[in-house]
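If you want the building blocks of each chain, they are given just below.
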Amino acid sequence: MSLSTQELNFPTRPLKAPLGIAQALTGISGLDELTSGGLPRGRPTLLCGGAGCGKTVLGLEFLVRGATQYGEPGAIFTFEESIEELATNVASFGFDLRRLISQGRLAVDHVQIDRHQIEEAGDYDLEGLFIRLAHAIDSVGAKRVLLDTPEVLFAGLANKDILRSELRRLLGWLKDKGVTAVITGERGESSLTRNGLEEYVSDCVILLDLRVHDQISTRRLRVIKYRGARHGTDEYPFLIGDKGISVLPLSSLQLVHEASAERISSGNSELDRLLGGGYYRGSTILVSGGSGSGKTSVGACLASTRMRDERAIFFSFEESPAQLIRNMSSIGMDLASLVERQQLRIISTRPSGFGLENHLFTMYQAIDEFKPSVVVLDPITDFSAIGNRSEIRAMMTRLVDHLKTQGITALLTSAPGPAMLGEGSNTEADAGISSLIDTWIVLQSFEVAGERNRAVSVRKSRGTAHSNQIREFVISDRGLSLINTYRDAAGFVTGSAREAQQRHDAANGGGAANNDPGKRPGRAGAAKVPL
Amino acid sequence: MTAAGGRQSKKPEIRCEYVFRLFVSGATPRSQRAIDNLQTLCEVHLPGRHRIEVVDLYQSPERAHDEQIIAIPTLLKIEPFPPRRVIGDLSQVDKVLHGLDIR
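Protein sequences, first through last, are from chains P and G. Per this note's numbering: the first sequence = residues 11 to 541. Per this note's numbering: the second sequence = residues 762 to 864.
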């Protein structure tokens, strides 16, 4: 075997084109979008971060996905964890490391150094490490290499000058080999890595971070540097789930959603008329209203009336699937058979169960898997228990963006705080996200003349000739219906007062209800709602 | 590469035979220096009671992994127990003797 390992070779590379460098897909959900195509091919990438931030898992996943999805075998050099520990890590996202090794798709070498066993007596180099690397790379024809983490060498070897020049040589050597390398490094106090690995890796640097806020920990990822490629510069939350790492990028950094002109039914023809023809496909709808105002029913109504080949997901943060099915069947909606036919999936979680990013991740996963055309979130206000306003807004922006780019119609419900009853619009969560919303339906529930009645109106609906009416909204065992309100000069009449008025009109040979207050005589004793 | 000598036991406690394995990479000046230094050292301190095996890792790269070699040259003391490990061209004789437990 021959090695091209001249002392301290610094290969002079041709100046690369400013755009369009070759990249190697990571296969890691979100990371490829964020880096517009993966890690720089044939070059080293530095992954740095504190203990337990997920460096090793990310590096491993890059290698494993390379070997399994992209036909690129890999060589793993582990300086800290044993092969057993790595195998456990890899198993956590569904792969069998031993099998990949026996199939010749991965080579693993555990480099063990114990300073106490080593006496240094004179000049040396790290050619042994190079020989091992070359041997491992050649044995499987590796295209990807993981070094996790060569910083251990600093603890194991006393002569730092030799170590530094050898690390520099190592990085140059990896580039000459043309392998896409990932090198991990522990975060230092004032530098990216404790031993300044960033000095040697200049093409791509990714920083991982684990932060705990209000007892909920969030992992974040930031691409600090990426020569020759466009990349998002924000911090992106990521999660380590049972399918590996998922980075949650803001799916579009600009507003480039396709605007569909197609209308879809809200599930109720009267509501469709109020909306001027239903919702736009791919739009985002907010339904706000106090408790018991019928938000869930409006959401379920949309979710339950899909065409034959369309699907919907209903994320419920207050009711279990069984509860929701029972409650909706009481108003004539048969969700159970939709669930059976795989047209509807009801996913119930408690908001306080885990952090915002985790919720977002769970929703992304379910959406990617089930491929719905409609998604309902009921209610989003419950997230205020686990995040502040700006965090919820950021999460909703991500989610709405994600849904819009996929052309999914989203309906979010929102309950105002107790002080807002009857007004039901200017809650914290609403105010934060109203700019994301295309259509805003306001439900009101009010007490009048010993009854609790409901009303519905469309506060805004972008690009539609929606009605400006406030309509009475009745939920019965036949579902939702909107009733043309009976008004008088002082307001409109609802509930039994309206029924009395209707009977009165019928007896007097009056036509259908209309809303012209001029034609409607005032009725003493009728329930009036000042609006 | 084996050298054996007579038995002049001035120090009875090191009567047993010393077995060394020296890992080098090709015929670099540093490798050659390590081999020369080791031979000189053995002849001075362990005359006739040592055996040296030199392994060129370019010829058998798999042994780098098997024997956990990182630095070159690396000297392993196989016998007597306990095993010891010294890296470098072995030019610092005191450190070599200390590292190998020879005194």
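Think of the hints as simulated: they come from the structure by calculation, not from any bench. Yeah, the Cβ is synthetic: ideal placement off N, Cα and C, and Gly gets one too. Treat the hints with caution; some may be incorrect.
[Stated by the list, open to error] Simulated coverage check for chain G against chain P, where a stretch passes if three residues somewhere in it have a Cβ under 8 Å from a Cβ of chain P:
| no. | region |
| --- | --- |
| 1 | 782 to 791 |
| 2 | 799 to 810 |
| 3 | 841 to 849 |
Structure-based check of all given hints:
1. 782 to 791: It holds, with 3 qualifying residues against the three required.
2. 799 to 810: The restraint on the region 799 to 810 of chain G is violated, since only 0 of its residues have a Cβ under 8 Å from chain P and three are required.
3. 841 to 849: That given contact holds, which follows from 5 residues of the region 841 to 849 of chain G lying within Cβ reach (below 8 Å) of chain P.
Of the numbered hints given earlier, the model fails hint 2 alone.
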